[in-house]
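Could you slot chains W and R onto chain A? The hints should help.
Residue numbers (the working numbering), protein chains in the order written: chain A, 1 to 281; chain W, 1 to 432; chain R, 1 to 307.
Wrong hints could be hidden among the right ones.
Straight-line alpha carbon distances no greater than 25 Å define the calculated BS3-like cross-link-like pairs of lysine-lysine that follow [what the hints assert, rightly or not]: (1) Lys108(A) - Lys27(R); (2) Lys275(R) - Lys422(W); (3) Lys375(W) - Lys362(W); (4) Lys89(W) - Lys275(R); (5) Lys422(W) - Lys87(R); (6) Lys87(R) - Lys429(W); (7) Lys362(W) - Lys376(W); (8) Lys66(R) - Lys89(W); (9) Lys228(W) - Lys429(W).
Please keep in mind that the hints were generated in silico from the structure rather than gathered at the bench. Quantities reported herein were computed from a predicted structural model and do not represent experimental measurements.
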Amino acid sequence: MALTVQNQRRAGKVALMIGLILGAVFAAGPVLWMLSSSFKSNTQIFELPPRLITDTFSFDAYAAIFTDPETMRFFLNSYIVAGAVTVLTLLVAIQAAYAFSRFDFRGKRILNVIIVSVQAVPPITLLIPYFGLMVALGLYNSYPGLILTYMVFTLPYAIIMMTGYFNTLPKELDEAVRVDGAGSMTALWRVLVPISIPGIVSIGIYTFMIAWNEYLFALTLTRTIDMRTVPIGIQLLMGQHSYEWNQIMAMSVLGSIPVLILFLFFQRYFISGLTAGSVKS
Amino acid sequence: MITMGRGRRRILTLAGAATAAVSVLAISGCSGSDAGTGDGDGGDVTIEFAQWWEPELPDGEFRALIDKFEDENPGITVELVSGPYASTKEQLFAGAASGTMPDVVGLDGAWVNDFASQGVIADLSALMKEYDYDDSDLASQIQVDGSTYMIPVVNFVYPMFTNDALLAQAGVTAPPTTRSEFADAAAKVSALGGDASGWVLPLSLEAPNGVQNDVMSWVWASGGSMLKDGQPDLTNDDVTSAVDFIGDLWDDGSIASGSFTMKEQDKVEEFTNGRVGMMIDSLAHINLIRETNPDLTFSISALPAEDGYDGERGIPYASWGIGVAENSEHKEAAFKLVEFLMSEDTNSELSTMAKAFPGNSKSVPDFVNDDELFKKAFEIYQAGYPANEFTGLPVAEELMRQLGEQLQAAFDGQQSIDDALKKAQEAWKAEF
Amino acid sequence: MSLRTTDDTEVIVTGVSLSRRRRQLRKTTESYAFLSPTLILLFVLMIVPIVMVIGYSFQDNVILNKSPEFIGVANYVEILSDPGFWKATGNTILFTVASVIAHLVLGLAFAMMLNSPLLGRFSRSFFRALYILPWLFTVAVIAVLWRMLLAPNGVVNFLLHTDIEWLASPQLALGTIIFINIWAGYPFFMVSLLAGLQGIPNELNEAATVDGAGAVQRFWNVTIPQLRPIIVSLVLLDLIWTSQQFALIWMTTGGGPIDVTEVLSTFTYKLAFAKYDFSLAATSAVLVLAMSMVLAVFYVRHQKARD
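Isolated chain A, as found in the complex (with noise of 0.2 Å):
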């Protein structure tokens, strides 16, 4: 005798429960130990047995963060940066992944081959002929210097995502605009992009986290403290001799903290249910 439809969905909201716990633990669980240890002394992060939380809980290592000014200054940094980087890499992505997806032109496929590959030199050997660009255009140690570079090791994820999403929305929906008279730019503003607001939104938290986490050329292209970003900070903590691990875990804490609550604010784009359905003519 089959389960009835109400039994049916009793068990699936356990089965669901059960998978949704799992993966929770799975998820959250170092970064609950990343939290726990920033309330500790540094004596007790390595002690055996582990303890969650210890008899000498403090915020000690959150003021120190908060009472140093160069660490503030840090996370204005990332902050400036990060923003910058998203607004203006979608902004730019938006525009590229029209063209891909509703044009044909000549070069389109070797322009796409070369946006996908440029990302598949490896940083390190790109590092000291990129930083001698730099430094000859005079965007050494400065917020566009930052802003430009993260933009381009943004675009290519960005352009292809942003690429595939349109590629999901059926082309009569444009058409059906420009049938009216519209020109591309309404087509793309008005029909398509208020359409593809989660990807958008997805696309852009992505962007603003690359940017947020990306620690390797914020070292190289800064030099003075003042313009430092927060991963740096958070290796500077690390010591030749030994490093500050409750600061460490307090700052990445912190850092988490902006991108985590842009998710939180945005996420009800990824469940505004905007479907491409209603063209079905």
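Here is chains W and R on its own, set in the frame of chain A:
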């Protein structure tokens, strides 16, 4: 026809405005402070000093020291550029390649040969001659082809640390002084069970200085050498007996697990948490251990030598070295800074700050008289000789790594120690 | 007027026909107008250094040595006959393929769980926030954190009551870093697929149910086909990115023990900054680029076929 909701329009307008705002903010005059390395009127000079020392020293003290230099030398401003230690090498290279290298650079002895041969750092012997510098007080100078390229400012010596309580628990009353005593003590501590181990050996290939500090140190402690006339000689008796000794420790199970990816910091953590009986480690960690675990009773002693050896014992060390960039435009000012840091008083002060031994043979750091452990260490230092044959070798770090790889294969049972040393010898010869 | 997809709706509207060539030209100009910011940025900032790197691979004594000399393909011969290079390549392929497959499976599984109608609003947001956590941290911290967790005396061994050298054992190291990479990278797939799942019209699923399709059939016949363009893009990107992964491996195992976790990125890094041989490093980089370009070409062909 699809109508666009008001909400959508508002979002797009907002996005457009935000873009404009952010772009304007970001692009307009948001540059970092300029170091302005150029001679202004009246010969005012700004030099940059790139190092990883400032974050490791007590807050503000290093800057205060540099301020003293600026006071003594009006017209010279020193900008301290601090970076993470692990990335220093790449950054220096990138800087040299793009002409943005700082004037004065902190160096590690393992990089000197390569930097010098690539023309990254300046010949200090020439500078010393040019500025009439008397170098008789310098405890050591790192040379390549007869010219000095790096001067060790402070030296971190690596004696043996013993966890007295753990050893006592295992029935060992005093730190071992010979190899057989060491092997015995290590075995006894490991026999305690639980998570106790006699010795800890960091053999990570990422930062392979374990090969220098924890493996080769045994060779040097018995007056041995891994070189012959400046060429690799890894298959000689000294090295073979030392590595065999370690191999025996490994097979006995006296070494803590996790060696193949263990780094120096991990070694210290294990010791500090009372899980290891003995370790070879830098003096720089004495205070760290004390702060982290005040209950730990530990002592310092010289590294055990081969049974029956009674000559001078070599002690491994790592330095904070200093050099001048080859393409610095202010070599005179740069050298003045070097002179300052090596002067007797400043060097004493810096050594005290860093808890290291001075690079100026006349300097005496304060802690030597105040502190038992440091006093002991200083005695060991003076009774022996600083030994680090890797300093000044070409691709020194890579040499350590190559030997480390072979040793890992040997300890893992994939090859015999003799084969390991032979292969390492061949690899090394190729680099010379 | 029927909405036949034609190349030129303007013709329909205005009634004036354009010559084919003019239409082509307008399309091309328009496309390039849309692409211009991208092209300028990429060409100025990326192509120049990449060309320099390719140039280095044909020379000797580059970067700092004052006298670079052209030596043709000698560097390539040297690298390609180095067994270390091939070992690194093998490890890289294993590392990359295993990671990407796991990323996809895990990301899809999580995305579908989060998309399930059985989930309440609050739970959905809560779990969604939890599942993206691995994404939020810089690689150095992930490496340091997992080293801590997987140390012989660390938390993982404590919880499992074992004494395993996860990272230091030549047998387990590669698997372990693959695991860490899976943990660090699945949110990429999850978030993108979640966005993609939103774009699947409900009517499709409903129609399928009406036709009698069960959950599994709906998954394979509706969900996957709809997600295909996105999945293909994700897999391509992840393959390329994972093959470039450096810091995670370098900071956990340094390519060791022995050479079991040596991948092309660590191999190249050592050439550049341990052996100080930038020409060889550039050569290795060009070879990596060449391998990835093969992937890129396949991807683009696949896009063309879809159009």
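message = Hint by hint, where does the structure go against what was stated? Just the numbers, ascending.
response = none
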